[in-house]
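54 is the number that the UniProt record's numbering gives to position 54 of the sequence shown; each next residue is one higher, with no gaps.
Treat the hints as calculated values from the structure; they're not laboratory data.
Even glycine gets a Cβ: it sits at the ideal position worked out from N, Cα and C.
Treat the hints loosely; a few may be bogus.
[What the hints assert, rightly or not] Quick list of the computed label-pair ranges, beta carbon to beta carbon:
{"hint": "1", "residue 1": "ALA60", "residue 2": "VAL38", "range": "38 to 46 Å"}
{"hint": "2", "residue 1": "SER74", "residue 2": "ASP52", "range": "41 to 49 Å"}
{"hint": "3", "residue 1": "ALA66", "residue 2": "ASP42", "range": "32 to 40 Å"}
{"hint": "4", "residue 1": "ALA58", "residue 2": "GLN36", "range": "29 to 37 Å"}
{"hint": "5", "residue 1": "PRO39", "residue 2": "ALA60", "range": "25 to 33 Å"}
{"hint": "6", "residue 1": "VAL40", "residue 2": "GLN75", "range": "47 to 55 Å"}
{"hint": "7", "residue 1": "VAL61", "residue 2": "VAL38", "range": "25 to 33 Å"}
{"hint": "8", "residue 1": "ILE55", "residue 2": "GLN75", "range": "24 to 32 Å"}
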Amino acid sequence: MGLGQAASGGAGPAQAAGGGAELGPPGAAVRDSARQRVPVWDLASQWVAGRDLAIRLAEAVALGWANHQAEAASQG
Numbered sequence: 001m002g003l004g005q006a007a008s009g010g011a012g013p014a015q016a017a018g019g020g021a022e023l024g025p026p027g028a029a030v031r032d033s034a035r036q037r038v039p040v041w042d043l044a045s046q047w048v049a050g051r052d053l054a055i056r057l058a059e060a061v062a063l064g065w066a067n068h069q070a071e072a073a074s075q076g
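My request is simple: use the sequences and hints to build the entire structure.
Structure representation (structure tokens):
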């Protein structure tokens, strides 16, 4: 290993195998970084699911508020 490799860290056996500086089995860092790459359709489906959940929650709150108002009006 030359001085340039020592200064920049070089590519040791763990890095060449994908382990990098993290502890764990070789290739763990590669698998972890692959998990972070989410296809666009997965992000879109998560956004739609979150949007649908927010709409259902808003409808439930509105219905509960309307029921509360109706009950308060019937009691005078």
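Looking at the structure, which of the earlier hints fail to hold?
-> 1 and 2
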